[in-house]
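Just need the whole structure built from these sequences, with the hints factored in.
Order-wise, the sequence lines are chains A and B.
Quick note: our numbering has the first sequence finishing at residue 219, numbered continuously throughout.
Quick note: our numbering has the second sequence finishing at residue 599, numbered continuously throughout.
Hint data in this document are derived by calculation from the structure and do not stem from the laboratory.
To give an idea of the chain A side of the interface with chain B (calculated C-beta under 10 Å), a few residues: (1) Leu56; (2) Asn57; (3) Lys61; (4) Trp66; (5) Glu106; (6) Gly114; (7) Cys153; (8) Ile156; (9) Asn174; (10) Pro201; (11) Leu202; (12) Ala212; (13) His215.
Just a sample of chain B residues kept apart from chain A, beta carbon distances all over 12 Å, derived: (14) Arg234; (15) Asn294; (16) Tyr589.
Only pairs whose alpha carbons sit at most 25 Å apart, straight line, appear in this in silico DSS-like list of lysine-lysine: (17) Lys192(A) with Lys436(B); (18) Lys61(A) with Lys175(A); (19) Lys511(B) with Lys161(A); (20) Lys58(A) with Lys51(B); (21) Lys51(B) with Lys61(A); (22) Lys511(B) with Lys214(A); (23) Lys214(A) with Lys195(B); (24) Lys37(B) with Lys314(B); (25) Lys185(B) with Lys214(A).
Quick caveat, the model's predicted, so the values are computed rather than measured.
Glycine is no exception: its CB is placed at the ideal position from the N, C-alpha and C atoms.
For reference, the chains in residue letters:
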Amino acid sequence: MTPSDSSSRPRLDRRTAIKWMLTAAASVAIMDRAAAAGADTTTSKAAVGYGTDPELNKIYKPGDFWALSFTAGQRRTATALCDVIIPADAKSPAASAVGVPDFIDEWISAPYPGHDKDRALILDGLVWIDAESQKRFGNDFADLVAGQQRALCDDICYGPKAKPEFKTAALFFNKFRDLTSGGFYTTPEGMKDLGYIGNVPLATYDGPTPAALKHLGLA
Amino acid sequence: MPIITASKTQPTYDVIVVGSGAGGGQTAYTLAMEGVKVLMLEAGRNYDPVKETAMFQTNGQAPLAGSSTVDKPFGFHDSTVDGGWQVPGEPYTSASSDPTRQFWWWRARMLGGRTNHWGRISLRNGPYDFKPYSRDGLGLDWPIGYEDVAPYYDKVEMLIGVYGSNEGLENTPNSPEGVLLPPPKARAGELLAQKRAKKLGLPVIPIHRAVLSVKQDAERIPAKLHPQNPTAQRILAQAMRDRAACFWATQCGRGCSIKANYQSTTVHLPPALATGNLDILPNAMVREITMDENGKATGVVYIDRVTGEAHALKARVVVLAASSAESVRILLNSKSPRYPNGLANSSGLVGKYIMDTVGARLGGQIPLLENMPSHNEDGAGGAHMYVPWWLYQEQKAGKLDFARGYHIEFQTGRSMPGLGAATAVAGLTEGSYGRKFKEEARRYYGTFVSFSGRGDMIPNADSYCDLDPTVKDKWGTPVLRFHWKWSDHETRQAAHMQRTFADIITAMGGKPNKLDATGLQAIEPGGKIIHEVGGTIMGVDPKKSVTNQWGQTWDVKNIFVNDGGPFASNADKNPTLTIMALAWRASDYLLAEMKKGNL
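What follows is the structure, given as structure tokens:
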């Protein structure tokens, strides 16, 4: 990322900030998005969906049907957060290594009902998490060290136990985690990580293995 | 004779078949094999599953990880074309704004209709299911019994290929020896459910589905199905050889490019076309049936969905198989001064007694399935096991507070991950993320089970459709208005489902999700199960029914209804197999009547 990405970082407007810091409401309905300094949180009006008769026997990637819309700054923060949620380990790579930020961008850019709400939640959340990172550690989220990122995420990772001032941020984190895991576990690497074995033609279907039956006490 | 365009239609046909799904496909097959010149009209576009089916695409290769949208309500890779709960430009309305009184109408605008994506579950109605009124004094008896339909169940099962087993359970008919294909082995979670549910008195047995677990016997079956007809035998044998056995991968709802499961487009239509006796005209949306001065149908008027122009076509006989509700709509829209209430409607019952299947579900998580050694559980692209209704005697003895039964379908296993593959992990682990989340996702993957009840609905006077007085589709044709109400029998049945599913999940050592003890929230809206039947019910009395036992309308001898419309009740058994059996039976009658000169 170039320095200009960070300096052009959208700032949380006061109203949104107050709402995010103080509200304990269970739902997010943030108004006045235009004030979110360059972060267009409304769905692109020009975008259309894939229609009722898309070609099915084909492989698609994010951006094929509607334009992706993350700014460089949003992408940077989203990528960092993806990898805090799904980091690399011995079994599989990190979320960003298999295109999950593109998937999230596709999701929040989609012209379908419901996606506009997710867009608002995600984009406001990305602004919030950078603002919170600055407030606590004097850096953007992507520039924090792992321990700082975890300290912040620990406060927002579980809505029912989050402090009142973090309830809205917890909604954001939960949605972001759902999208990150949904994007990750539908990739070949993610499916393999879960132990999914299939989607290959077989001559016979042999049922559970002896080891599986033994595990269930059915051997 | 092939798939044609509007300019290529013949001046007249023996039979026009409206619709190309289970009823229309079976009708066209039976008639064309016997030399009848048939024109099939399909409202949607031509569709070729061999070329168009997404067989091995993963969810990650579809937009939004393949998840549901308004354009594709069952997910991106679902085979449905130009369809869903809403079809642009072709609305339907609801008489009530009460959310509990809505009817959801699923349509598909494609050759083969809803058979392309259906669940392939193929259960026979049992003897009780044709005589429900005689058994409990509710609803309506059919004018036919199980013994009348059984030979046609045999034939349809042999034609389309159905896996399953014969268990000899009450009102759950066996098929004759050699008719069913072998059932696939049960999956791990299905075996666990079987063992644990047994303690509750629930029989978990192989389900019947229209999937070729092995290749069909192309040497033996054609002669059984068409004993006097060498041409039909030859054509069917070739069609059977062209179908591959299931290769145990991909979901059946996508359709099947190797023709291993039944869909009209891969099973009924290829041999019917090969006879040379069938023309198929896609994009032909039938508006009305035309009549002569003697009270006989002369053909149909259809709208070309591409140009918007209306065209007339002629035939000796018109068979409606447009889906139960769409066939009702065509009859009601065939209005004229002589028939002010539409055709075949002297009883006033066209559109009355529409039914769906009672549906409710409950899921849970099974700790015993955690960390199970990985193996391939794709299987036949759908369920291998189910629970037939098991409380007939208790019900008869008055021990239950609802009159009719349900069967249980369930999902277990390590299926291909979708968008929600790990969604539950956060809640189960108090918000884990990072390496911990990845470990927990591995632990919980494949440990969730979901049970779905599919129950008998009793026809009632509050559930019907008529023409909306003002709303029209984009071609100016009046649309259907639905009226809907579940009775206590259905909501109490849904409540019983909820308790039963919680018991099974608990017996499996698992934790059920929160259940709805009233059934009022758990019951799915009318139509949601997409088992729309009734509306042109069959009977013995022309004053109390729309058709006779062959789907022939009482009022107009050369109009037949060969979809689910003539169902006089809706058993818990999924209706598609019965639609096909009745369509074959009606087509045999139609052939005989034609030969006698009565049509």
